[in-house]
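J.: Here the protein sequences come in this chain order: B and D. Its first residue numbered 311, the first sequence is counted upward by one per residue in our numbering. Its first residue numbered 652, the second sequence is counted upward by one per residue in our numbering.
It should be emphasised that the hints constitute simulated quantities derived from the structure, not laboratory data. Note that the Cβ used here is the ideal one computed from N, Cα and C, for glycine as well. A portion of the hints provided could be inaccurate.
Here are the simulated DMTMM-like pairs of lysine to aspartate or glutamate, each with C-alpha atoms no more than 25 Å apart in a straight line [to be verified]:
hint : chain 1 : residue 1 : chain 2 : residue 2
1    : B       : Lys332    : B       : Asp400
2    : D       : Lys801    : B       : Glu544
3    : D       : Lys879    : D       : Asp666
4    : D       : Lys801    : B       : Asp405
5    : D       : Lys801    : B       : Glu366
6    : D       : Lys801    : B       : Asp400
Which chain D residues stay away from chain B? Per the calculated CB distances, all over 12 Å, these [as the list claims (entries may be wrong)]:
hint : residue
7    : Leu719
8    : Val812
9    : Tyr869
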Amino acid sequence: MTMAPQSTQDTSLSGIFFGIVKRDVRLAWSQGGTGTMALSFFLIAVTLFPFGVGPEPQILARIAPGVIWVVALLACLISLDRLYQADFEDGSLDDLALSPLGLTGVAAAKILAHWVSTVLPLVVISPVLGMLMNLPDGAYGTLLISLLVGTPALSLIGSMGAALTVSVRRGGVLLSLLVLPLYVPTLIFAVGAVDATAGLVDPTQPLALLGAASLLALVIGPFVSAQALRLSLE
Amino acid sequence: MHRFANPAQFNRLADRILPWAKLVLAASLVYGIYLAFLGSPPDQYQGESVRIMYVHVPAAWMAMFCYLVVAGASFTEFVWRHPLAILAGKAAAPIGATFTALALITGALWGKPTWGTYWQWDGRMTSVLVLFFLYLGYMAIWRSMDEEDKAGRAASILALVGVINLPIIKFSVEWWNTLHQPASVFRLDGPTISADMLWPLFMMAIAFKAYFVLVFLYRMKLEINRRKLSVLRMSRVTG
Numbered sequence: 311m312t313m314a315p316q317s318t319q320d321t322s323l324s325g326i327f328f329g330i331v332k333r334d335v336r337l338a339w340s341q342g343g344t345g346t347m348a349l350s351f352f353l354i355a356v357t358l359f360p361f362g363v364g365p366e367p368q369i370l371a372r373i374a375p376g377v378i379w380v381v382a383l384l385a386c387l388i389s390l391d392r393l394y395q396a397d398f399e400d401g402s403l404d405d406l407a408l409s410p411l412g413l414t415g416v417a418a419a420k421i422l423a424h425w426v427s428t429v430l431p432l433v434v435i436s437p438v439l440g441m442l443m444n445l446p447d448g449a450y451g452t453l454l455i456s457l458l459v460g461t462p463a464l465s466l467i468g469s470m471g472a473a474l475t476v477s478v479r480r481g482g483v484l485l486s487l488l489v490l491p492l493y494v495p496t497l498i499f500a501v502g503a504v505d506a507t508a509g510l511v512d513p514t515q516p517l518a519l520l521g522a523a524s525l526l527a528l529v530i531g532p533f534v535s536a537q538a539l540r541l542s543l544e
Numbered sequence: 652m653h654r655f656a657n658p659a660q661f662n663r664l665a666d667r668i669l670p671w672a673k674l675v676l677a678a679s680l681v682y683g684i685y686l687a688f689l690g691s692p693p694d695q696y697q698g699e700s701v702r703i704m705y706v707h708v709p710a711a712w713m714a715m716f717c718y719l720v721v722a723g724a725s726f727t728e729f730v731w732r733h734p735l736a737i738l739a740g741k742a743a744a745p746i747g748a749t750f751t752a753l754a755l756i757t758g759a760l761w762g763k764p765t766w767g768t769y770w771q772w773d774g775r776m777t778s779v780l781v782l783f784f785l786y787l788g789y790m791a792i793w794r795s796m797d798e799e800d801k802a803g804r805a806a807s808i809l810a811l812v813g814v815i816n817l818p819i820i821k822f823s824v825e826w827w828n829t830l831h832q833p834a835s836v837f838r839l840d841g842p843t844i845s846a847d848m849l850w851p852l853f854m855m856a857i858a859f860k861a862y863f864v865l866v867f868l869y870r871m872k873l874e875i876n877r878r879k880l881s882v883l884r885m886s887r888v889t890g
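Given only the sequences and the hints, what does the whole structure look like? Please build it.
T.: Structural data, given as structure tokens:
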């Protein structure tokens, strides 16, 4: 074993998979990456609501779960249009398509990287926004759980839209038109769970449905994304 | 199935169906409108406003039916790369979007006198609204790409993912027991709606279906001719 950089590269399937994940996470947090952008958007957009609807604590408490979820969803959305586009434009997607992982595996790796780099920070910071929005004390746990269980569906579903619009110039608007209707069930179940807790009702059922939405998205997301990417690579 | 992949053969078939579609449309529409306005009684509770149903319910059926056509065409195009299926989806989508909009608008107009509100975020209405957005997305993706084949395949993928919304619409009134009434026509134990109202409803449903067939075939022919034209133009340019 030499210490040359090339030899440390792991060429097993999982090595390639996590290699892509690591690369994408680094890119997302480098200069001009989407990680910081989505996080700042999340913070700023949520703080607009108290100005918009007035600072009465009861009103804020009532709308807090919905606002946090909707803004998290939008923050996720604005970071999605570059998910495949940068790699498509500079040709590295063609390279990745030839890797032994196959396009489905590549898509799965990039989705995981998107979730870790862009969405997970939103989840981590969400309790702070809960405080700003006067979220009821008992609802923090469910908010965090609902975000952890539900946001993978956002990345997975969004990946399908990002893959479909990869070759479209200024595809961002089209992307939101395609993806937002598909986000509706996730949003309903997630906010249902947090609202249930805030109203002292057991949130297990909406959380289970939310998990089902994420699992379904996990089954079709990488596969459909790969099919859509193949179109543009042909 | 690939027998009809030949556009000329399809055109011949369409030309044979079209006069019948026109005939059925004219007959069922005239009779249906007569029944809906004059030949059926006003509702015991809703009064005359129940007549909105004869447009609303068939339009809602067609909204779902057109999506099934789009999804079926998308599946066919995706699996077998059938050359006409891709055009079938493109032809059916705007018709479906129009019926969906019609169902939403007539629903709002009917809701105001009977429920006291134009709109309520109940399961059925929300999922039909999402269906409308799916149609818009499908049509937008068709327009977004220069290469028609790619655009068509991308739209097909979206249509197939969106199929998940259809069972949600169908069962929304049972899962969320909210404002919109549950199914009263297609039930295992027979319709719970009076025969006086069932007849105009079915007449209008037939009329809407015939209208779909008519417009769909015209749009298919239009698409085929447009493609022929662009091929001719290309061959002229390249010599």
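J.: Now tell me, hint by hint, if it's right for this structure.
T.: So, going through the hints one by one against the coordinates:
1. At most 25 Å may separate the alpha-carbon atoms for a hinted pair to count; Lys332/B and Asp400/B meet this at roughly 19 Å.
2. A hinted pair counts as satisfied when its Cα atoms are at most 25 Å apart, and Lys801/D with Glu544/B qualifies at roughly 9 Å.
3. Between Lys879/D and Asp666/D the CA atoms are separated by roughly 18 Å; this keeps the pair inside 25 Å, and the hint holds.
4. Annotation: proposed proximity of Lys801/D to Asp405/B holds, straight-line Cα distance about 21 Å (limit 25 Å).
5. Between the alpha carbons of Lys801/D and Glu366/B the distance comes to roughly 51 Å, so the proposed pair goes past 25 Å and is violated.
6. This hinted pair checks out: Lys801/D and Asp400/B have alpha carbons roughly 20 Å apart, not beyond 25 Å.
7. At roughly 17 Å from the closest C-beta of chain B, the C-beta of Leu719/D stays outside 12 Å, upholding its exclusion from the interface.
8. With a cut of 12 Å on Cβ distances, Val812/D falls inside the contact zone with chain B, its closest approach being about 6 Å.
9. Look at Tyr869/D: its CB is around 27 Å from the nearest CB on chain B, clear of 12 Å, so calling it non-interface holds up.
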